[in-house]
Each structure stands twice: as C-alpha cells, then as structure tokens.
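Given the coordinates of chain A, assemble chain B with the ligands onto it according to the supplied hints.
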Amino acid sequence: MAKHSKSLAGTGQYRIVTGTPVSLVAAGGTLILVAVLTALPFFAGRDLLENMIFVFYMLALAQCWNLLAGYAGLVSVGQQAFVGLGGYLLFALTIIAGIDPLVAILLAGAISALFALPTALIVFRLRGAYFAIGTWVVAEVYRLSFAQFRQLGGGTGTSLGPDITNAVFGIDWVKSLLDVRTPAARDVISYWAALALAVGTLLLVYLILRSRRGLALGAIRDSEEAAASVGVNNARVKLVVYIIVAAVTGMIGALIYLQKARISPDAAFSVLDWTAYVIFIVVIGGIGTIEGPILGTLIFYLLQNYLASYGPVYLILLGALAILVMLFAPKGLWGYVSQRYGVELLPIRRRLVWKKDP
Amino acid sequence: MSLLEIRGLRKCFGSVVAADDITFAVEPGEALGIIGPNGAGKTTLFNLIAGGLFPDSGTIHLDGRDITTARPHERCIAGVARSYQIPRPFETLTVFENLLVAAVYGRRKSEADAAQACGEILDQVGLMRRANVLAGSLTLLERKRLEMARALATSPRLLLLDEIAGGLTESECGALVDTIKALHDSGVTIVWIEHIVHALTAAVGRLIVLNFGRKIAEGNPDAVMSSADVRHIYIGIEA
Ligand SMILES: Nc1ncnc2c1ncn2[C@@H]1O[C@H](COP(=O)(O)OP(=O)(O)O)[C@@H](O)[C@H]1O
Ligand SMILES: [Mg+2]
Chain A
51 MAKHSKSLAG TGQYRIVTGT PVSLVAAGGT LILVAVLTAL PFFAGRDLLE NMIFVFYMLA
111 LAQCWNLLAG YAGLVSVGQQ AFVGLGGYLL FALTIIAGID PLVAILLAGA ISALFALPTA
171 LIVFRLRGAY FAIGTWVVAE VYRLSFAQFR QLGGGTGTSL GPDITNAVFG IDWVKSLLDV
231 RTPAARDVIS YWAALALAVG TLLLVYLILR SRRGLALGAI RDSEEAAASV GVNNARVKLV
291 VYIIVAAVTG MIGALIYLQK ARISPDAAFS VLDWTAYVIF IVVIGGIGTI EGPILGTLIF
351 YLLQNYLASY GPVYLILLGA LAILVMLFAP KGLWGYVSQR YGVELLPIRR RLVWKKDP
Chain B
12 MSLLEIRGLR KCFGSVVAAD DITFAVEPGE ALGIIGPNGA GKTTLFNLIA GGLFPDSGTI
72 HLDGRDITTA RPHERCIAGV ARSYQIPRPF ETLTVFENLL VAAVYGRRKS EADAAQACGE
132 ILDQVGLMRR ANVLAGSLTL LERKRLEMAR ALATSPRLLL LDEIAGGLTE SECGALVDTI
192 KALHDSGVTI VWIEHIVHAL TAAVGRLIVL NFGRKIAEGN PDAVMSSADV RHIYIGIEA
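If you read the sequences in order, they're chains A and B.
Quick note: to get the numbering used here, add 50 to the position in the first sequence (first position is 1).
Quick note: to get the numbering used here, add 11 to the position in the second sequence (first position is 1).
Bound-form chain A, shown alone (with noise of 0.2 Å):
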C-alpha cells in the first residue's frame, strides 16, 4: 500500500471543495430564473399564473417526496395526509380563528410538524411495504376524522368566502401595483406565495443535503446497516426529515387549498392528487436527486396540459411512461443524463483536494 506519498509534495493540507463550474453557472442560471419569475405577473396572463401556481406546488410536493423517499427510504404514500391536514388547517385558521391566510399558511405548517411528531411514532414501527401501508391507513384516518367537523362542512366540504381570500395580506398593494382587480390580485399573491415556497423548499432541500444531515441521508440510502455502523443514528435522521416534510407539506397543502378556495375531504387527502402524481413525477425524473424532480415536474406538466382531456388514456399513458423508465432508466431521466454524460447541477459533492502551503 502506498506510503505517504504526499510528503513529496511539501507540506500542505486536505480541503474539502464543494462546487464545479457547471454548478456555478447552475446557480446563476437559477438566479436569473428566481428573477423573471417573480417578475411574471407584470406581463403574464391569469391563466399562465394558475398553471405556474400548479407547478410550483407539484414541485414542492415532489421535492419533499424525494426527500422522504429517495434519501431517507422512507416510501411513503400517505403524503395526501399533511396536504389535507394544511389545507383544513387553513380553512379553520381563517374561517373559525380570523386569522390573516398568508400568516394561517405559516401556521399550518409548524401545526402539521406537531400531527406529524404522534404519526411518526405509530407508522415508524412499521418496515419497508408495511410503512407504505401505514402511512395510507393513516392518511385515511385524518380523511375521516376531517369528514367528522360540521364547522368545516363535514363530508362535503366547505368554501372559503370573498371575505377572507379578498382581504390576505398585500392585497390592496398588488391591485395598485398592477392596476388589476380583486380576483386578479388574489391569484398573483398566490402566485407569489407558491414562488415562494417552491424556491424554499428547493433552498431547504438542498442546504439539507449539504449539512452533515446530508452526508447521514446518503449513507443511509446506500446501506442503513452500515450508516449505523459508521455513528449515524438511522431512526433520529429519518424522524427529523419525517418531521420537515411534513411542515413543509402542510404548508403548501394550505397553499393549495387558498388558491382553490373550496375544499373536501375526498378532494384534500385524494391519494392520487397528492401522492400518486408526485410519485410518478419523483420516478420518470429522478429518484435521489433534487435535479430529477424538476425535471419530472416539467414533463408531468406538459402531459397534463396537453393529455389530461383524454381522461383514462390520460392515466394509461403516464402508467405506461413511468414502467418504461423504470425498466429503461431506472433512476429516472435526470439519472440516465447526469450519469451518462457526468453532469451535477447542484453542488452536493464534496470533493477532497490538496492544498500546498504557500
């Protein structure tokens, strides 16, 4: 084995480089993208703001899927219990509390990682096909027990009024800003707000991934056995990231579910709106990567945009989509490129260099 073959070299030191410079030019790319999207509504359409707000939430559901399933191995599909769980909660924070909606957003959110922390305790005894299972069950309880409360319209939902949508926060500021009116200026604060969250959650994710939390997730979505081996306590990571996605879920359920102003048990905790479309979305683009998602979100979107008036060929087609990637680029489309021709965005690596002294 090799001797200390460094010492040739003079004295110096092992530093750890993150970045490449097609991750530089990612990151401004990413920059001048935030920027003309949040300039959007000064020149776009309603329709294009509401079919921007869909991707925005499909993304970020998709990144917190990842996150849950891709890193920590936690598979599960019963994501639709956070979004259902946001959503109500912003209806009761609104309609019975008065409560401003942006600030119920919020709210939602750190209520949902408080629901998630007693879920956890009973799902996470639970391995591998029976945690998916689990999580449904559960998923299903929270569906019922919402079905229950008579204030929040019971099994056939509720409305939130104009009251409340015509007076969140900044309101009065965006109708003047961009002389539109009142339904107008809903959406593009709705609109912001999914930005918002959308780029937040890709931020969070990726900062995850680059704290020592993130060293912990890919090992142990290499091997728990030896993640353990090594110091990572497997059980304590995976409940804390169990726990974020779960508030951040929450979040952009309550998002969701202000943009459409009504809401329903059936239609809230829908295992296929809020579970089997992220799943798909996490699947054809790539699983484990923060790259794969967004990728998977643009194409989700464009078949939905284009296909989704065919009905149940519509779902045939994304059916047969997802088998052939999984049999043909089983890590999904951003997988088969970034390994093929090399290529990270995202400066997730660390990469150990040596360093002369000068």
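Calculated from the structure, these hints are not laboratory results.
Quick reminder that beta carbons are idealized off the backbone N, C-alpha and C, glycines included.
Take the hints with a grain of salt, since some may be wrong.
[Unchecked claim] Not close to chain A: a few residues of chain B, all C-beta gaps over 12 Å, as computed:
1) Arg18
2) Cys23
3) Phe24
4) Gly25
5) Thr34
6) Asp74
7) Arg76
8) Asp77
9) Thr80
10) Thr212
11) Phe223
12) Asn231
13) Asp233
14) Met236
15) Ser237
16) Ser238
[What the hints assert, rightly or not] Pair by pair, the computed Cβ-Cβ distance ranges are:
17) Val67/A - Ala193/B: 26 to 34 Å
18) Cys23/B - Leu171/A: 25 to 33 Å
19) Ala193/B - Glu275/A: 22 to 30 Å
20) Gly62/A - Glu85/B: 35 to 43 Å
21) Leu171/A - Gln127/B: 36 to 44 Å
22) Gly177/B - Asp323/A: 49 to 57 Å
Frame of chain A, contents of chain B with the ligands only:
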C-alpha cells in the same frame, strides 16, 4: 480492565447455533486473530459485538460498560468499528465521502476538521487516487480497502476486520499486514478474522479458533495451530 469482555454469548438462527456460549476478553492494545471454517460463526460474532445482531443470552462489555443492548451507532461512538466481509460501501457517495460520514458521525468532528484525517487514511490504505470517484465504481479489492478505511475514519478503539485479505496477491497481502501492524503500533486494538493463516499469525499475538459456534482453542498462534483439534479442522485448508 479488558477493553472487550464477552461472557456466555449465544445466538441461534432456528436450529443453527451460530454462537454457542462464547467467552473471551480482549486487552487494550492487543491484536487478536479469529479463525475457523466457513459457517463457524465468525461473522455472527462480529455482528453481535458491533450491534447488527442481538444475542439470545450472554453479555458484552466495552471498557467495563455493558453494551449488550446498545444500538449499533452507539457502539460505534463508544469506539467499536467494523469492516464487512461482503463490502457495503455507500455506493452513490464518493470514496472520500464514505470516510467523511464515518469521521463526522463516528468521531463527531466537523467536516472541515475531518478532511485532514480522511486524507491521511486514504493515503495510508492506497485509495488516494480514487478519493473522488463514486464508491460504486470500485473493484472488489478496492472495496475491501474502503471497508477498512471507513472503519478507521471513525477512529476506533476496537477495530473488527472481517476477511479483508481474501483475494489479495502475496505482495498485497504483505502490505496489508504492514498496514495492520502499523495501526496496532499506533494503539488501536484489533480483532481480525482471516482464512489466510500465515498473514494472520504475522500480525496477531493471540488466536481464537471457532467451529460450529464454539470456541475450540485459544492462545499463542503457533501453539494453537499445532494443536491436534485445530490441525484436524484445517487439514487441506492451509498446506
Ligand atoms: N442472519 C442470519 N440468518 C440465518 N442464519 C444465519 C444468519 N447469519 C448467519 N447464519 C448462519 O449462522 C452460521 C454462522 O454463519 P457466519 O457467522 O456467517 O459464519 P462464518 O463467518 O464463520 O463463515 C451459518 O450456518 C449461517 O448460515
Ligand atoms: Mg464470515
């Protein structure tokens, strides 16, 4: 006080008794070798010590502290590190990142502080050239080295090595023995499972022989290897 003390350890898988009333101790600074035919229960013993498996009965003490029911990560932080006989690298992390996780979590260091130690270990085991490639792309030989390097990155007091010399050429094997001796000289206590008896006896001061889950011999390597029981098991294995 012994660094590791094992008393009456027993583990069954159905009707297979993989560890049958095993008792021994490892002193601080010792290098202990373990041999035995395939299926003798060697790896099971490591799993019990490192916490991957819990015993049916018996106790394990590290530095006088009972760790019989401690979880694997707690044992690592307490100073136990292991390599896996069948390597389990973190395949989607780079070689360096494999060590970094171990140093950050097993040794509770910051990433920046860990870099220097990880670099030195990679240099020591001859993996520096491969530091920044994905561990999934390593050859079997390199994976075995990574197993040892990653265990070392946790700066263990007790290092458990499970058949890391298998498949090495004669000169590679000699280099490995040198590395292990150097580790031992630097104060790490080592328990090494190996089939290649001459490599083992060159590095360890004491030998334990397992067969069908039982400890059948223990003592000075030369004396153990020349005992009748052991010769009987080992006929044909090491000519
Ligand atoms: N997880 C397990 N489940 C069932 N049987 C096992 C397990 N691990 C080991 N065994 C059995 O225990 C015995 C000892 O195995 P092992 O400790 O791997 O032996 P060695 O490392 O000495 O070759 C073998 O008969 C093996 O089949
Ligand atoms: Mg073995």
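Next on the checklist: Verify the CB-CB distance for Ala193/B and Glu275/A against the hinted window 22 to 30 Å.
Outcome noted: Since Ala193/B and Glu275/A have Cβ atoms about 28 Å apart, the given range 22 to 30 Å holds.
Item to check | Phe223/B remote from chain A - nearest C-beta pair above 12 Å | outcome: Per Cβ check, Phe223/B is outside 12 Å of chain A; nearest 26 Å; holds.
Next on the checklist: Quick check for students: does the CB of Asp233/B sit more than 12 Å from each CB in chain A?
Outcome noted: For Asp233/B, whose nearest Cβ neighbour in chain A is about 27 Å away, the distance exceeds 12 Å, so it holds.
Checklist entry - Does Gly25/B really sit off the interface, with its C-beta more than 12 Å from all C-beta atoms of chain A? => result 21 Å, holds
Checklist entry - Is it correct that the beta-carbon of Thr80/B has no partner in chain A closer than or equal to 12 Å? => result 15 Å, holds
Next on the checklist: Looking only at beta-carbon atoms, does the pair Gly62/A, Glu85/B fall within the given range of 35 to 43 Å?
Outcome noted: Hint holds: Cβ distance 36 Å, inside 35 to 43 Å.
Checklist entry - Hey, does Asp74/B actually stay past 12 Å from chain A on C-beta? => result 17 Å, holds
Item to check | Distance restraint hint 49 to 57 Å, applied to the beta-carbon atoms of Gly177/B and Asp323/A | outcome: 53 Å, holds
Checklist entry - Would you say Thr34/B is clear of chain A, with no C-beta pair closer than or equal to 12 Å? => result Check passes; 24 Å lies beyond 12 Å.
Item to check | Whether Phe24/B stays farther than 12 Å from all C-beta atoms of chain A, as the label says | outcome: Label holds. Min Cβ-Cβ 17 Å, cutoff 12 Å.
Checklist entry - Between Cys23/B and Leu171/A, does the beta-carbon spacing fit 25 to 33 Å? => result Given a distance of about 32 Å, which is inside 25 to 33 Å, the answer is holds.
Checklist entry - Beyond 12 Å from every Cβ of chain A: is that where the Cβ of Thr212/B lies? => result 20 Å, holds
In this structure, none of the earlier numbered hints is contradicted; all agree with it.
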